[in-house]
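Which chain is which? The protein sequence lines are A and B, in order.
Sequential numbering from 1 applies to the first sequence in the working numbering.
Sequential numbering from 1 applies to the second sequence in the working numbering.
These are calculated hints, taken from the structure and not from any lab test.
Built from N, CA and C at the ideal position, the CB exists for glycine as well.
One should not assume that every hint holds.
[As the list claims (entries may be wrong)] So, partial list: chain A residues that the calculated Cβ filter (under 10 Å) puts toward chain B:
(1) ARG2
(2) ASP86
(3) PRO224
(4) ALA238
(5) GLU239
(6) ARG305
(7) PRO312
(8) ASP314
(9) GLY383
(10) VAL388
[Unchecked claim] Residues of chain A clear of chain B, computed beta-carbon distances all greater than 10 Å:
(11) ASN81
(12) THR102
(13) ARG148
(14) GLY169
(15) SER173
(16) ASN214
(17) GLY303
(18) GLY309
(19) ALA347
(20) TRP357
(21) LEU391
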Amino acid sequence: MRLAEAWRVASAALRANRLRSGLTMLGMIIGVAAVVVLVALGTGTKNEVESQVEGLGANLMFVVPGKVDFNSAPTASPLDNTDLNDVVRVVGDRDRVAVTLTSGETVRAGRNSAFTTVLGVMETTPKVFVRTVAAGSYLTRADVDTGRRVAVLGDGVARKLFGERSAVGQQISIAGVRFRVVGVFAPLGQSLGVDRDSEVHIPISTAQRLFATNRIDAFAIKAPDNDTIGTLGDRVVAELHKRHPDTEFSAVTQDQILGVLGDILGVLTTVLAAIAGISLLVGGVGVSNIMLVSVRERTKEIGLRKAVGAKPRDIGIQFLLEAVLLTTIGGILGAVLGVTASLVTAALSPVPATVTWWSLALAFGVSAGVGIIFGVVPAQRAGKLDPVVALRTE
Amino acid sequence: MTPAIEAIDVRRAYQLEGLEVQALRGVSFTIEPGAHVAVVGPSGSGKSTLMHLIGGLDRPTGGRLLIDGRDVAGLGPAELATLRNETIGFVFQSFHLLARTSAVDNVALPLVYRGLGAKARREKARAVLERVGLGHRLDHRPNQLSGGEQQRVAIARALVTDPAVLLADEPTGNLDTANGQAVLELLEQLNREAGVALVMVTHDREVAARARRRIHMRDGVIEQDESDAPETGDEIWERP
Numbered sequence: 001m002r003l004a005e006a007w008r009v010a011s012a013a014l015r016a017n018r019l020r021s022g023l024t025m026l027g028m029i030i031g032v033a034a035v036v037v038l039v040a041l042g043t044g045t046k047n048e049v050e051s052q053v054e055g056l057g058a059n060l061m062f063v064v065p066g067k068v069d070f071n072s073a074p075t076a077s078p079l080d081n082t083d084l085n086d087v088v089r090v091v092g093d094r095d096r097v098a099v100t101l102t103s104g105e106t107v108r109a110g111r112n113s114a115f116t117t118v119l120g121v122m123e124t125t126p127k128v129f130v131r132t133v134a135a136g137s138y139l140t141r142a143d144v145d146t147g148r149r150v151a152v153l154g155d156g157v158a159r160k161l162f163g164e165r166s167a168v169g170q171q172i173s174i175a176g177v178r179f180r181v182v183g184v185f186a187p188l189g190q191s192l193g194v195d196r197d198s199e200v201h202i203p204i205s206t207a208q209r210l211f212a213t214n215r216i217d218a219f220a221i222k223a224p225d226n227d228t229i230g231t232l233g234d235r236v237v238a239e240l241h242k243r244h245p246d247t248e249f250s251a252v253t254q255d256q257i258l259g260v261l262g263d264i265l266g267v268l269t270t271v272l273a274a275i276a277g278i279s280l281l282v283g284g285v286g287v288s289n290i291m292l293v294s295v296r297e298r299t300k301e302i303g304l305r306k307a308v309g310a311k312p313r314d315i316g317i318q319f320l321l322e323a324v325l326l327t328t329i330g331g332i333l334g335a336v337l338g339v340t341a342s343l344v345t346a347a348l349s350p351v352p353a354t355v356t357w358w359s360l361a362l363a364f365g366v367s368a369g370v371g372i373i374f375g376v377v378p379a380q381r382a383g384k385l386d387p388v389v390a391l392r393t394e
Numbered sequence: 001m002t003p004a005i006e007a008i009d010v011r012r013a014y015q016l017e018g019l020e021v022q023a024l025r026g027v028s029f030t031i032e033p034g035a036h037v038a039v040v041g042p043s044g045s046g047k048s049t050l051m052h053l054i055g056g057l058d059r060p061t062g063g064r065l066l067i068d069g070r071d072v073a074g075l076g077p078a079e080l081a082t083l084r085n086e087t088i089g090f091v092f093q094s095f096h097l098l099a100r101t102s103a104v105d106n107v108a109l110p111l112v113y114r115g116l117g118a119k120a121r122r123e124k125a126r127a128v129l130e131r132v133g134l135g136h137r138l139d140h141r142p143n144q145l146s147g148g149e150q151q152r153v154a155i156a157r158a159l160v161t162d163p164a165v166l167l168a169d170e171p172t173g174n175l176d177t178a179n180g181q182a183v184l185e186l187l188e189q190l191n192r193e194a195g196v197a198l199v200m201v202t203h204d205r206e207v208a209a210r211a212r213r214r215i216h217m218r219d220g221v222i223e224q225d226e227s228d229a230p231e232t233g234d235e236i237w238e239r240p
């Protein structure tokens, strides 16, 4: 029998039982759509996180005390201003070094208050990170050197304290100390789960005085290019280790963070795809079940076909094609549904969803494969039917 | 001339729940091309088993069976299928037409397994349907046809491959008398005109009486094998 003929017979058989074919396909449609949607969500999240990390700035490296892994608690920082001078000397350019001293504080203006992350920083911060000031200006070197009580507010803080009014020039109080607002950041939104619009930047010197410490929590260094970032990190860590022999320091590059996050989210995506794959498998079992029913129901037809000259292989191929056709059409419809659902999700909700071609190809391949795998047993059974017994069936 | 069917001490045993059942206990006969034979006998006599063997649907467990000169003993399921396609035309009591399939496609079905193209199949099927008097029913489906018409479609399907043997199993069993008569006349006419051997299994005495030869089966053996007269070409012309 010609293959084209077998296709025709298979599709006619599916059309003859529209409701049943449709319901069987539904299993495949849901399975494939689930794979496409979940992979799209996983990939979208991964892309978003990566773009957030990349959005911090280029060629960044973070130098923190302690070992960076996921098993150790954060180490209390032994770093101080002397270390800052050393780091600046090693890097060779103050503008490439940023520092932070972080504290959660309630900030007030009149009757309004906001819980914020107060960061003691240097005037170099916008040169190291991507940070845009929307109104007013950022801190100056003079602010840092003389420890002025000036602050730059995150967009969210400015809104909470002053609403639609301009915050620049207004007075606020941080931990009971009065500050003057010199600038407001452009909105940034969430980044890696942190609301970056709730930050308040003040000079590091002012922050150290305010919190009664000499501490610096971490350095961020912007390397001139991606090639020197590793050696620069090693030199900075070695320098810090000289002054603090008992403390371990880590230089983590942006690429390493991206790598770790990418790995985690990649695993997440794979797990999601695998879970969705289970529904695809269940759909496949449904196909197999329906094909077995179909073989039984059409025993007489099989007997007749055999009587007029169908070889076991002809019958087997006919039923196998039926299963493959069922799953392939289901796969295509599922892919369409999955892509649509992903696009709608991405458009109407904050959940990022990125449709990937490999998930479509995978879902399609798997559904066709499911058709073959789960179609083989019923097809073989049909092919092996004894024509005498088959014809006798009423 | 090669006999259409040649059976030499053909036996067929079945295993039924560990018990061996002898359906055929050594049957020998020859059916010449163009013969008209009725196989008669009560149920359980082995006539259905014999029918399946002659039709190449089954293989004997003993003896030798040659269909159109080919020993079926050495043939696998696929080769048997080809043999059926090329030499046997089946007509069943319950027609066995494919539902939701037009008359012409039903008739063309055996040609599908010959690898014939759709156009050639349709041409051939149409010609045969016209020959059985259903040229005006080509695209009708079985449920749009009367029982007699359905059986004629089935006969056309059996004929479309130009078989050596037309094997009819109670072809009038599901038909009323008038339609039954018409179908029998059609089968006999094809037997006369096309030279195809007609082997009919029946327990209808009247139907059997119309055949030129009757093989009576009982308990798995041939009880009686009677022929009206020598089958000569002349006699065929003299028949009413």
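Here is how each hint holds up against the structure:
no., hint, in the structure
1, ARG2, "holds, 6 Å"
2, ASP86, "violated, 86 Å"
3, PRO224, "violated, 73 Å"
4, ALA238, "violated, 79 Å"
5, GLU239, "violated, 82 Å"
6, ARG305, "holds, 7 Å"
7, PRO312, "holds, 5 Å"
8, ASP314, "holds, 6 Å"
9, GLY383, "holds, 9 Å"
10, VAL388, "holds, 5 Å"
11, ASN81, "holds, 89 Å"
12, THR102, "holds, 75 Å"
13, ARG148, "holds, 89 Å"
14, GLY169, "holds, 84 Å"
15, SER173, "holds, 85 Å"
16, ASN214, "holds, 89 Å"
17, GLY303, "violated, 8 Å"
18, GLY309, "violated, 3 Å"
19, ALA347, "holds, 44 Å"
20, TRP357, "holds, 37 Å"
21, LEU391, "violated, 7 Å"
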